[in-house]
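K.L.:
Okay, here's what each chain looks like letter by letter:
Number of protein chains: 4
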Amino acid sequence: MPHPKFKDIERAYGFDEIALVPGDVTINPDQTNIEFAVSDYTFPIAILASAMDAIVDTAFAIKFSKLGGLAVLNLEGVQTRYENPDEVLSQVAKTPEKDVTSLLQKIYSEPIKEKLISQRIGAIKQAGAVCAVSVTPTNTKRLAPIAKDAGMDILVVQSTVTTARHISKSYRGLILPELCQQTSLPIIVGNCCTYSAALELMRTGINGILVGVGPGAACTTREVIGVGVPQITATLHCAAAREAYLKESGKYVAVITDGGIRTGGDLCKAFAAGADAVMMGSPLAQATEAPGKGYHWGMSHSHPALPRGTRVRVGTTASLEQILFGPTSVTNGTQNLIGALRTSMGVCSARTIREMHKVKMVIAPSIKTEGKYFQVTQNVP
Amino acid sequence: MPHPKFKDIERAYGFDEIALVPGDVTINPDQTNIEFAVSDYTFPIAILASAMDAIVDTAFAIKFSKLGGLAVLNLEGVQTRYENPDEVLSQVAKTPEKDVTSLLQKIYSEPIKEKLISQRIGAIKQAGAVCAVSVTPTNTKRLAPIAKDAGMDILVVQSTVTTARHISKSYRGLILPELCQQTSLPIIVGNCCTYSAALELMRTGINGILVGVGPGAACTTREVIGVGVPQITATLHCAAAREAYLKESGKYVAVITDGGIRTGGDLCKAFAAGADAVMMGSPLAQATEAPGKGYHWGMSHSHPALPRGTRVRVGTTASLEQILFGPTSVTNGTQNLIGALRTSMGVCSARTIREMHKVKMVIAPSIKTEGKYFQVTQNVP
Amino acid sequence: MPHPKFKDIERAYGFDEIALVPGDVTINPDQTNIEFAVSDYTFPIAILASAMDAIVDTAFAIKFSKLGGLAVLNLEGVQTRYENPDEVLSQVAKTPEKDVTSLLQKIYSEPIKEKLISQRIGAIKQAGAVCAVSVTPTNTKRLAPIAKDAGMDILVVQSTVTTARHISKSYRGLILPELCQQTSLPIIVGNCCTYSAALELMRTGINGILVGVGPGAACTTREVIGVGVPQITATLHCAAAREAYLKESGKYVAVITDGGIRTGGDLCKAFAAGADAVMMGSPLAQATEAPGKGYHWGMSHSHPALPRGTRVRVGTTASLEQILFGPTSVTNGTQNLIGALRTSMGVCSARTIREMHKVKMVIAPSIKTEGKYFQVTQNVP
Amino acid sequence: MPHPKFKDIERAYGFDEIALVPGDVTINPDQTNIEFAVSDYTFPIAILASAMDAIVDTAFAIKFSKLGGLAVLNLEGVQTRYENPDEVLSQVAKTPEKDVTSLLQKIYSEPIKEKLISQRIGAIKQAGAVCAVSVTPTNTKRLAPIAKDAGMDILVVQSTVTTARHISKSYRGLILPELCQQTSLPIIVGNCCTYSAALELMRTGINGILVGVGPGAACTTREVIGVGVPQITATLHCAAAREAYLKESGKYVAVITDGGIRTGGDLCKAFAAGADAVMMGSPLAQATEAPGKGYHWGMSHSHPALPRGTRVRVGTTASLEQILFGPTSVTNGTQNLIGALRTSMGVCSARTIREMHKVKMVIAPSIKTEGKYFQVTQNVP
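Residue numbers (our numbering), protein chains in the order written: chain A, 686 to 1066; chain P, 686 to 1066; chain Z, 686 to 1066; chain X, 686 to 1066.
Keep in mind that the hints were calculated from the coordinates and are not lab data. Accuracy of the hints is not assured; some may be wrong.
Heads up, the list lumps identical chains together, so a pair's fine if it works in one copy or across two of them.
In the SDA-like style, the derived pairs of lysine to any residue whose C-alpha atoms are separated by at most 20 angstroms in a straight line are [what the hints assert, rightly or not]:
no., residue 1, residue 2
1, Lys783, Gly1000
2, Lys854, Thr1037
3, Lys1045, Arg696
4, Lys791, Asp771
5, Lys692, Ser881
6, Lys692, Pro1050
7, Lys692, Lys932
8, Lys833, Pro822
9, Lys854, Arg1036
10, Lys783, Leu752
11, Lys783, Pro1012
12, Lys854, Pro714
13, Lys779, Ser1014
14, Lys936, Pro689
15, Lys978, Glu768
16, Lys936, Glu1040
17, Lys692, Lys1043
18, Lys690, Glu928
19, Lys690, Asp709
20, Lys690, Lys1045
21, Lys690, Glu933
22, Lys854, Tyr930
Could you put together the complete structure from these sequences and hints?
P.N.:
Structure below.
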């Protein structure tokens, strides 16, 4: 229709809509390098465990660190609100669906105890693990110093959407450049999902950004407030910002895709879209070691007035080690994630994550219609 | 195929196909302004309640006005055909699905009583509420004067599709510029969905247009007559007409997206597509105060020869106040609509509805396939 | 990927993927003209009944003609193979799904009786109805003269795909220009679905083309041999050929969309895509007068070696008159097809079918997801 | 969003998303030629049977050769690991879904017996059939000489993704030009799916390539490692490489689409996308002669650490001859595949496979929504 347009709209893509294209050289999986570096830390595997109560407690953080990844402990979850968080988590697992949101709203209205912050961080550090913790922007000025004193190594400042600028009259917003100077520790900030917001965040001096608004399995942000950018597109945009900032400043800021990854296939696609690491929730909630007892929920599920989440029944399917490294007899991509990544890199001609960034992708909606002609069954955990 | 084309076809988008993109600045929700102005009236919240029998009766209109919105009473529905409309509404709620269309056809064949028009409007005005009423173009010349005498504040002229010009031999069509002069009240006309039709309507001197043909939950216009434009595209086109007319005349005509909104997410998307206000049906039919007793149906469902609608079982889930302002423990976006709007504006860098018009959108079909890997449940009302 | 392309592929659209856009003027439905002309015949309503055994027998043909349309009797179906076709049709209706294809293969292996051809045509003519009959290209030379002698008015030459040229060694192909000269009656040929094939057919001197390969409800051509063009695109291409041929020759050849129409909405879209008339199968098989007794199947369903069809249970829902003209209490678009067409033309600013060709269309996949939020039910027949 | 892009993404298409367009001339099916030539061999029908344990054993290979096609025996499957493979296959068929992957992992850990290689090949040759066998790149140097001594005619080197170059430190990769020289037999290599990889493979001197990564009915490569290119696009790209290589070298390398074909329709589409032959799995596993006893699974389903497959219950529906040549009473396209191909070529104006390469295709997602209006049933085997 030949009239002035009110607005242009770009097409965005999620994990299920794209696929990776094999390369022209194949590489043996054991020749691939999947390290992830942020500031002076280097992790053998480029996976972060989400700062969610169903996934990371102190024991999980220690184990995950030993296996080569980086777990993030939520300083505003049940671990710092309750002396005995396990009791609370059992209650969540036992509550029927229709009552669980109210229960979560009640549980998270309990105040955060500063003493517990120190205690949890201390336990992780004592075991020799790298300790990363997360706080929301609103509480950062209060909680970050306590966490630093307790020995945290890496600070994650995280909310649904975090920007370099915030407008409020009730409190003075968090000034990220100030925080970077004061803390003198590696800082990861999120979540964001656009080129401009990512670039602005990078310019504040932080070390990594978390990419992803609305894609998680346990998240209903898009239904409730209409906001969300599918993860492949969000990662592509933020990766473009990283390259621009690298050119501009010489500094490489890590791009971490956070949310929506359910399988090895999704994991591989995130890297091909430009991620330096991925942060995972629901796949790790399936581990025997996960504190969620087979359930998983998001941190905005407990908002007192506008909860945005679902409780997901993920089940407990295997040990953390097996989920990460296999071997497995499960064929739907939820186990041996690292084996999957290395195999994918091998057929895609990528020796490193940085080379994985160059792999070709196609838009290819995954439509399996075999069921129309014969019965397809799958060996799930 | 390199041959002359018979016709070009543009792609159109609905609520489920797009998502909003966060902005580069975040704003505290309490800093947002969601007022809506039409002519000399300003409403604290930019929501209109649909002129449908399952939603607006006099009591609902009064309550909705007190809460800050604008309810429209249908002057051609059960409220003006029956002394005791509640009896009729109970009958609709009790009738089994297979018989309900015939029943509605019978109910709406009862003549409209002029006395009841005056009575209903009088009740609303007496309570101190703003009174908006709707009539079809065919009946406008007869009913508008009666309504004006009874004290109506705002006139809505509404049918499936209303244009500035109408061809008929059986009656002289409604001339909108004449109506505007004679009535000297704010006039809202609809529904329309294209740039050219909207622009032509605006030039008749009206104050607002209703946007939306065929998108409502209780509407089967598209199946029955093939006509319909998805709401995001329809709103974008009419918003473009508003800007063009503003430039041309200096007058700002309100664009009101009407139909198809089921959640807070849809509401937010309508504003981002250019709406100044939204008109809602099914979400408000869920209120305790709604006269439909948990059911909802469209006004063309009762057409004597070509009914175009369905009865929808929406259930009764919460008070009107809670649906609008929360708090809630429901996570699917159907409650705390105003909280959702303010939160969305906050993450999208919009202080006002006018700034919400500038928010970026992406085309992002909402495909949630987590169910393939684990069980997702949701706390619905 | 910057390499030479093997082939370009154009996007094609079906009924469910598009919608009509209202116009800038509304017209009273009773002001619309929906006539259809082919050669010297003019029909009050632009609908043909498919040459299928579940739809047209002599009684149906007579009734349909009286109601203003044109029914086509298949000269190679049960009506000309069996003295008492009703017996055979009952057998089809009673046979369980798994055996019905074999039964149809057996039924259609019975030879065609020339005597029955004359008898059936005679009965239709005697009742004063216009008599159209269909034959396949292979049998045209043998059967057309018999039909002509018996009094047929219009000849339809129809197979899955019919072209102006055919390569065979077993028989001399049908030469359409010869046929047109010899028959000296209006000839409609099909099916075709592209610009070039349609143009070539038009140049042979025929009066109408049938458009549609693979779209019918009872057809599995696309699954079996991969061939098929969705109806909106097929109609747009053939309509473009009609305009080109009109410019080239001054002759207007009728474009008849055949197959895939299930509702009033589909019907309206076919005209907007450029059809001069539509040929319908399954919606008419639902009539009390249809010989199929609530079932419907395609003519290639009985192919002895490669059957391409399904038996569809359409049910018997209303009289033919009510399906065409209403009134109805059914809201899914399957009844009052003419009312729907006139209403659609009214809101789309089209006084005639020729004006309907100019109506705007949008690509708008029909996704109704209300069911996610509340229960939607529909009053079906 | 006007910022530097990180990566371009092309749209790719699978079988279900496209359809063939009829041509301007129709050809009698018996006038079509569907031969396939590779090196000095010419096969009457352009179909290969997949090198999978559920499909090809010696008896099947002999029968398939007699019917005009080429079956490939997997030299790394149960036939060469077990004296009595039938016992093992029965066990697979009897094992419940949840245990079958572990069982397959165990079965395929049994070593390959060189003696059995000679025995199986000998049996095929003795019956006068053409003998093609497959090996993985890793085992080619060891197994190919044994197979050659036993009398194999055609060597297939196959893995999920095979490229002309491989990077490994544990073994010296297979050098294809060396293999071609040493073997002096026709060599087919796969799988690949891009222009550049196909071209590079062709330049090594091989005679055919297998096209397809991730599309098979029994394959979960895309879910597990994110890799896969839909078959229409993959075939188009490799066909483009064939044309480029033909121009460059004068040599015609066969392009064989392997995987994802379930019906006659898919088969026809593969040829129209540029295939010279197709390799089929699940449709042939349905034959009475197939050793899989109604089940089918992929060769990567048994990977010890990262299994990528499903067991598919295909059923046993008809003899191999009937599946290939009919006649049939099945209407979903799974029987009389050759009849379907010839019919398709006939309506698409293609006398030869080479002419089939020129047939037009449209993008036309197959959406059948008749079920909404009436009950559609289909006569499946």
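K.L.:
Please go over all the hints and tell whether each is borne out by the structure.
P.N.:
These are the hints, each one checked on the structure:
| no. | hint | verdict |
| --- | --- | --- |
| 1 | Lys783 / Gly1000 | both (19 angstroms within a copy, 16 angstroms between copies) |
| 2 | Lys854 / Thr1037 | between (46 angstroms within a copy, 16 angstroms between copies) |
| 3 | Lys1045 / Arg696 | both (18 angstroms within a copy, 12 angstroms between copies) |
| 4 | Lys791 / Asp771 | within (16 angstroms within a copy, 40 angstroms between copies) |
| 5 | Lys692 / Ser881 | both (18 angstroms within a copy, 17 angstroms between copies) |
| 6 | Lys692 / Pro1050 | between (26 angstroms within a copy, 18 angstroms between copies) |
| 7 | Lys692 / Lys932 | between (31 angstroms within a copy, 17 angstroms between copies) |
| 8 | Lys833 / Pro822 | within (16 angstroms within a copy, 54 angstroms between copies) |
| 9 | Lys854 / Arg1036 | between (50 angstroms within a copy, 13 angstroms between copies) |
| 10 | Lys783 / Leu752 | neither (37 angstroms within a copy, 29 angstroms between copies) |
| 11 | Lys783 / Pro1012 | between (37 angstroms within a copy, 16 angstroms between copies) |
| 12 | Lys854 / Pro714 | between (54 angstroms within a copy, 11 angstroms between copies) |
| 13 | Lys779 / Ser1014 | between (30 angstroms within a copy, 18 angstroms between copies) |
| 14 | Lys936 / Pro689 | between (42 angstroms within a copy, 18 angstroms between copies) |
| 15 | Lys978 / Glu768 | within (18 angstroms within a copy, 47 angstroms between copies) |
| 16 | Lys936 / Glu1040 | within (19 angstroms within a copy, 34 angstroms between copies) |
| 17 | Lys692 / Lys1043 | between (32 angstroms within a copy, 8 angstroms between copies) |
| 18 | Lys690 / Glu928 | between (32 angstroms within a copy, 10 angstroms between copies) |
| 19 | Lys690 / Asp709 | between (43 angstroms within a copy, 19 angstroms between copies) |
| 20 | Lys690 / Lys1045 | between (33 angstroms within a copy, 14 angstroms between copies) |
| 21 | Lys690 / Glu933 | between (34 angstroms within a copy, 16 angstroms between copies) |
| 22 | Lys854 / Tyr930 | neither (31 angstroms within a copy, 36 angstroms between copies) |
This entry does not satisfy hints 10 and 22, going by the numbered hints stated previously.
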